[in-house]
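Chains as they are written, first to last, in our numbering: chain A, 1 to 449; chain B, 1 to 252.
Source of the hints: derived by calculation from the structure; they are not laboratory data.
Predicted model only: the values in this text are computed from it and were never measured.
Worth double-checking, as some hints may not be accurate.
As the list claims (entries may be wrong) - Now the in silico label distances, taken between C-beta atoms and shown as ranges:
| # | chain 1 | residue 1 | chain 2 | residue 2 | range |
| --- | --- | --- | --- | --- | --- |
| 1 | A | LYS345 | B | SER117 | 58 to 66 Å |
| 2 | B | GLU71 | A | ASP84 | 38 to 46 Å |
| 3 | B | GLN54 | A | ASP84 | 23 to 31 Å |
| 4 | B | TYR204 | A | SER80 | 41 to 49 Å |
| 5 | A | ASP371 | B | LYS190 | 54 to 62 Å |
Backbone N, C-alpha and C fix where the C-beta goes; we use that ideal spot for every residue, glycine too.
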Amino acid sequence: MSNEIHHYTAEFQEFQQNGATKSPSWVNDIRSSALAVFTDRGFPTTKLEDWKYTNVSPITKLPYHYASVVSAVPSELVSSLFVDGIDQHLIVFVNGHFSEEHSKLNSLPAGVTVKNLISAYATHQEVIKEHLSKYATYNENPFTALNTAFINDGAFVHVPAGVSVEKPIHLLFISTGINGTYVAAHIRNLIVAEEGAKVSIAHGFSSAQANTNLTNVVTEVVAKKESVVEIVKVQRESDTAYHVENLHVHQYHQSNVHLFSLAVGSAIARNDISIIIDGESTECNLNGLYITSGAQLIDHHTFMHHIHPNCPSHELFKGILMDKSRAVFNGKVYVEPEAQKTDSKQTNRNLLLSDDAVVDTKPELEIFADDVKCTHGAAVGGMNETHSLYLKTRGISEGSARGMLTVGFAAEATQKIVHPVLRQHVDKIVVDHLRKKFGTANLPDIVHA
Amino acid sequence: MIEIKNLHASVNGKEILKGINLTVKAGEIHAIMGPNGSGKSTLAQVLAGHPAYQVTQGEVIFEGQNLLDMEPEVRAHAGVFLAFQYPVEIPGVSNSYFLKAGLNEIRKSRGEEELDSMQFLKMLKEKMKIVEMDPSFINRPVNEGFSGGEKKRNEILQMAVLEPKLAILDETDSGLDIDALKIVSSGVNKLKSPKNATIVVTHYQRLLNYIVPDVVHVLVNGRIVKSGGKGLAMELEANGYDFIREEMQQSA
Ligand SMILES: Nc1ncnc2c1ncn2[C@@H]1O[C@H](COP(=O)(O)OP(=O)(O)OP(=O)(O)O)[C@@H](O)[C@H]1O
Ligand SMILES: [Mg+2]
Numbered sequence: 001m002s003n004e005i006h007h008y009t010a011e012f013q014e015f016q017q018n019g020a021t022k023s024p025s026w027v028n029d030i031r032s033s034a035l036a037v038f039t040d041r042g043f044p045t046t047k048l049e050d051w052k053y054t055n056v057s058p059i060t061k062l063p064y065h066y067a068s069v070v071s072a073v074p075s076e077l078v079s080s081l082f083v084d085g086i087d088q089h090l091i092v093f094v095n096g097h098f099s100e101e102h103s104k105l106n107s108l109p110a111g112v113t114v115k116n117l118i119s120a121y122a123t124h125q126e127v128i129k130e131h132l133s134k135y136a137t138y139n140e141n142p143f144t145a146l147n148t149a150f151i152n153d154g155a156f157v158h159v160p161a162g163v164s165v166e167k168p169i170h171l172l173f174i175s176t177g178i179n180g181t182y183v184a185a186h187i188r189n190l191i192v193a194e195e196g197a198k199v200s201i202a203h204g205f206s207s208a209q210a211n212t213n214l215t216n217v218v219t220e221v222v223a224k225k226e227s228v229v230e231i232v233k234v235q236r237e238s239d240t241a242y243h244v245e246n247l248h249v250h251q252y253h254q255s256n257v258h259l260f261s262l263a264v265g266s267a268i269a270r271n272d273i274s275i276i277i278d279g280e281s282t283e284c285n286l287n288g289l290y291i292t293s294g295a296q297l298i299d300h301h302t303f304m305h306h307i308h309p310n311c312p313s314h315e316l317f318k319g320i321l322m323d324k325s326r327a328v329f330n331g332k333v334y335v336e337p338e339a340q341k342t343d344s345k346q347t348n349r350n351l352l353l354s355d356d357a358v359v360d361t362k363p364e365l366e367i368f369a370d371d372v373k374c375t376h377g378a379a380v381g382g383m384n385e386t387h388s389l390y391l392k393t394r395g396i397s398e399g400s401a402r403g404m405l406t407v408g409f410a411a412e413a414t415q416k417i418v419h420p421v422l423r424q425h426v427d428k429i430v431v432d433h434l435r436k437k438f439g440t441a442n443l444p445d446i447v448h449a
Numbered sequence: 001m002i003e004i005k006n007l008h009a010s011v012n013g014k015e016i017l018k019g020i021n022l023t024v025k026a027g028e029i030h031a032i033m034g035p036n037g038s039g040k041s042t043l044a045q046v047l048a049g050h051p052a053y054q055v056t057q058g059e060v061i062f063e064g065q066n067l068l069d070m071e072p073e074v075r076a077h078a079g080v081f082l083a084f085q086y087p088v089e090i091p092g093v094s095n096s097y098f099l100k101a102g103l104n105e106i107r108k109s110r111g112e113e114e115l116d117s118m119q120f121l122k123m124l125k126e127k128m129k130i131v132e133m134d135p136s137f138i139n140r141p142v143n144e145g146f147s148g149g150e151k152k153r154n155e156i157l158q159m160a161v162l163e164p165k166l167a168i169l170d171e172t173d174s175g176l177d178i179d180a181l182k183i184v185s186s187g188v189n190k191l192k193s194p195k196n197a198t199i200v201v202t203h204y205q206r207l208l209n210y211i212v213p214d215v216v217h218v219l220v221n222g223r224i225v226k227s228g229g230k231g232l233a234m235e236l237e238a239n240g241y242d243f244i245r246e247e248m249q250q251s252a
């Protein structure tokens with residue numbers, strides 16, 4: 001047994017004795033089988049095709065300890081992370097532990113549940129049992145296996161049939177460092193939108209300070225028949241932290257799902273996003289933007305699974321790379337033989353702002369139906385000369401032109417966000433981040449057509 | 001105002017401009033016509049400073065300065081403006097932010113006070129009247145989702161705001177409906193003064209009924225092969241470029 005695995009089996013024993021007492025016993029069974037898979041496989045190495053460009057040894061070599069104590073964070077910090085001035089539906093977790101103090105959940109529409117998983121067992125055990133660990137299987141992804149072994153708390157969202165939640169629900173996960181400890185939070189979320197439900201969710205990850213925490217998340221989303229679900233992830237953790245998420249969406253007949261992944265934080269971030277389009281005439285939109293600088297590495301692995309006929313899927317990921325940073329994009333689209341008339345478009349475009357930045361982009365199309373329209377394209381390049389010239393002919397300097405075109409490049413991705421409040425939220429974070437990285441306030445606020 | 005002497009330029013190793021000579025004085029309007037692919041936009045882009053084009057020979061003197069030595073934004077500061085044949089879309093960035101940034105950099109380069117947002121907006125709204133543009137365009141992203149004609153109007157709006165000494169309009173008339181053509185032309189005429197000059201690149205004599213040129217040049221295969229008065233444009237409209245090609249053959 002390798003040191004790493006040994007460390008986590010010891011961790012697991014301690015966790016079972018001290019940390020995992022509040023969950024039902026069937027959860028314990030899931031944990032044990034997941035641990036068995038993890039100890040069998042261990043962490044991924046770059047020898048595996050799926051991890052070829054992302055070396056996770058900086059994460060795996062550290063003796064991470066699940067956050068066993070509840071840490072405090074200042075409320076000014078929390079409010080600085082709000083989606084809007086008020087953030088009406090907000091559930092906050094600190095190092096994976098529910099923070100009742102910072103959450104605001106009293107104005108939810110009738111029947112809608114937003115709770116921490118641990119307290120949801122009492123009211124929604126049936127629903128949880130039906131869905132938990134049914135989609136994000138731990139057989140393939142070792143981080144998911146590890147997360148599942150340490151299932152403890154996370155957000156539980158349940159929107160009953162036919163109910164619309166107008167204002168976004170904000171799931172906010174804050175990591176905070178603890179001196180002398182490498183803190184890991186294995187966060188487990190479950191989001192269920194029943195038939196015809198409508199909900200928009202901000203899925204936020206931030207750090208209270210520069211820290212080396214590991215945030216290892218598994219989020220399962222079920223979008224039932226004719227539901228409309230938007231999830232906007234905002235990952236802006238400390239650039240010395242590590243972030244891994246397996247976001248798994250299972251969508252049914254005529255549901256409409258919009259996902260957006262903004263990734264600007266952490267030293268290494270790995271996002272696995274899988275969508276199973278399990279119903280006819282079902283629409284999926286998966287978009288994202290990553291901005292990397294310094295020595296950051298941000299990796300998106302997406303998987304779009306078309307099972308039934310007449311489903312459109314659209315995917316646009318854009319990347320802005322600076323300094324010696326790296327990005328990985330791997331977009332798999334799998335079309336089953338029955339999935340005729342699939343209309344799938346995937347695009348990945350990268351703007352390299354430095355000669356030392358590297359991007360590995362790889363579309364993977366596996367199509368087994370014959371009557372489909374599937375396109376994909378990947379582009380990696382610097383600033384467009386003609387665009388830049390256009391600005392300069394108006395007197396705009398090289399530096400300002402660069403800034404404006406970078407903002408414009410980002411805006412083409414963020415305009416895919418549907419909920420106007422979430423779009424504004426992301427636009428602001430993007431521009432603030434770029435202002436910081438460009439070292440100038442002289443960048444435009446984003447406007448959309 | 002501008003003197004182009006024996007200008008040769010190439011792109012990707014292919015020579016496009018093969019010795020252009022052209023002098024435009026303050027107060028003048030010059031028209032450049034010529035078949036597709038003859039090098040009209042290339043000339044415009046070279047004057048604006050597009051880095052993809054290499055100047056292999058010749059020089060361009062603008063207001064006593066060597067234009068080709070200047071960065072594109074410095075040319076703009078000096079008073080050169082190009083209305084693009086294909087205006088660029090800049091998503092995310094509002095028309096007003098973009099124009100204010102350009103104008104203030106130009107003003108700064110001339111030692112003039114920068115305009116604040118209020119002053120700028122007031123001025124912008126005045127200028128928008130010249131091209132009859134709706135104020136809703138102020139906060140829309142630059143050219144994104146604009147119709148072909150709206151983009152061209154936006155080019156003239158930019159020219160009106162930046163008040164260049166030399167404006168080069170590359171097919172600003174194409175894609176305009178008849179009303180828009182009149183609006184754009186009258187915009188250009190309103191901005192005309194004895195102190196500035198305009199080069200209009202066009203395929204259509206129609207435009208020259210509204211913007212009356214002092215000189216018409218015909219550019220064929222990278223060279224100006226014929227120059228004349230307004231009548232030359234009418235002759236071209238009636239006969240096409242063949243008669244010029246024949247003349248060239250005869251003189252060869
Ligand atoms: N970047 C480039 N790479 C290769 N060829 C180019 C490039 N730019 C221009 N050319 C070529 O140079 C020639 C002149 O092009 P230019 O755009 O200047 O023509 P034009 O006179 O403006 O034509 P039009 O009336 O169609 O606008 C064309 O043959 C064109 O294909
Ligand atoms: Mg042209």
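Outcome of the hint check:
The hinted window of 58 to 66 Å between A:LYS345 and B:SER117 is violated, with their beta carbons roughly 40 Å apart. Range check, B:GLU71 to A:ASP84: Cβ separation about 42 Å, and the 38 to 46 Å hint holds. For B:GLN54 and A:ASP84, the hinted distance range of 23 to 31 Å is not satisfied, since their beta carbons lie about 52 Å from each other. At about 58 Å, the CB distance of B:TYR204 to A:SER80 disagrees with the hint of 41 to 49 Å.
Hint check: A:ASP371 to B:LYS190, Cβ distance near 58 Å, so the stated range 54 to 62 Å holds.
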